[in-house]
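Residues in the sequence shown are numbered from 1 upward in steps of one, following UniProt numbering.
Just so you know, these hints were derived from the structure itself, not from any lab. Yeah, the Cβ is synthetic: ideal placement off N, Cα and C, and Gly gets one too. One or more of the hints may lead you astray.
To be verified - Listed next, the in silico DSS-like pairs over lysine-lysine satisfying Cα-Cα at most 25 Å (straight line):
1) K27 x K38
2) K38 x K60
3) K73 x K60
4) K60 x K44
What the hints assert, rightly or not - Simulated DEER-style distance windows between Cβ atoms:
5) R32 x P72: 31 to 39 Å
6) K27 x E79: 19 to 27 Å
7) E17 x L43: 34 to 42 Å
8) I70 x E7: 25 to 33 Å
9) E17 x G78: 40 to 48 Å
10) L19 x I81: 46 to 54 Å
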Amino acid sequence: MKSIAEEPGFQPLVEEEFLIRFLRGRKYDVNRAFNTLKNYYSLKSRYSGIITDFTPQDLKLVLEMDRVFISPKRARDGEGILISFLGKTSNPSNENLYRNCLFIK
């Protein structure tokens, strides 16, 4: 098992409350949680402009694509249901697909 300190060039937030989320999400399997943490930071780095600069204008773009349906029904656990129709456009960009996913959250 590798620790955060042993990973070269990797300096995530090390607050307990933040890290415990990754452990809980992987049922306290430390290796899987560490891989998830690295993937989280990789994704955050790769799409930093979309994540940090996500504005209402971007949300408008996603909604105008006419590929999102917000269901009036709820899932069994009470969460909202959003359906995205990915095949409606001829060639959606990865950036627009990711914006669509941010809208879901």
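Comparing the hints with the structure gives:
no.	hint	in the structure
1	K27 x K38	holds, 17 Å
2	K38 x K60	violated, 31 Å
3	K73 x K60	holds, 23 Å
4	K60 x K44	holds, 22 Å
5	R32 x P72: 31 to 39 Å	holds, 36 Å
6	K27 x E79: 19 to 27 Å	holds, 20 Å
7	E17 x L43: 34 to 42 Å	violated, 20 Å
8	I70 x E7: 25 to 33 Å	violated, 40 Å
9	E17 x G78: 40 to 48 Å	violated, 24 Å
10	L19 x I81: 46 to 54 Å	violated, 30 Å
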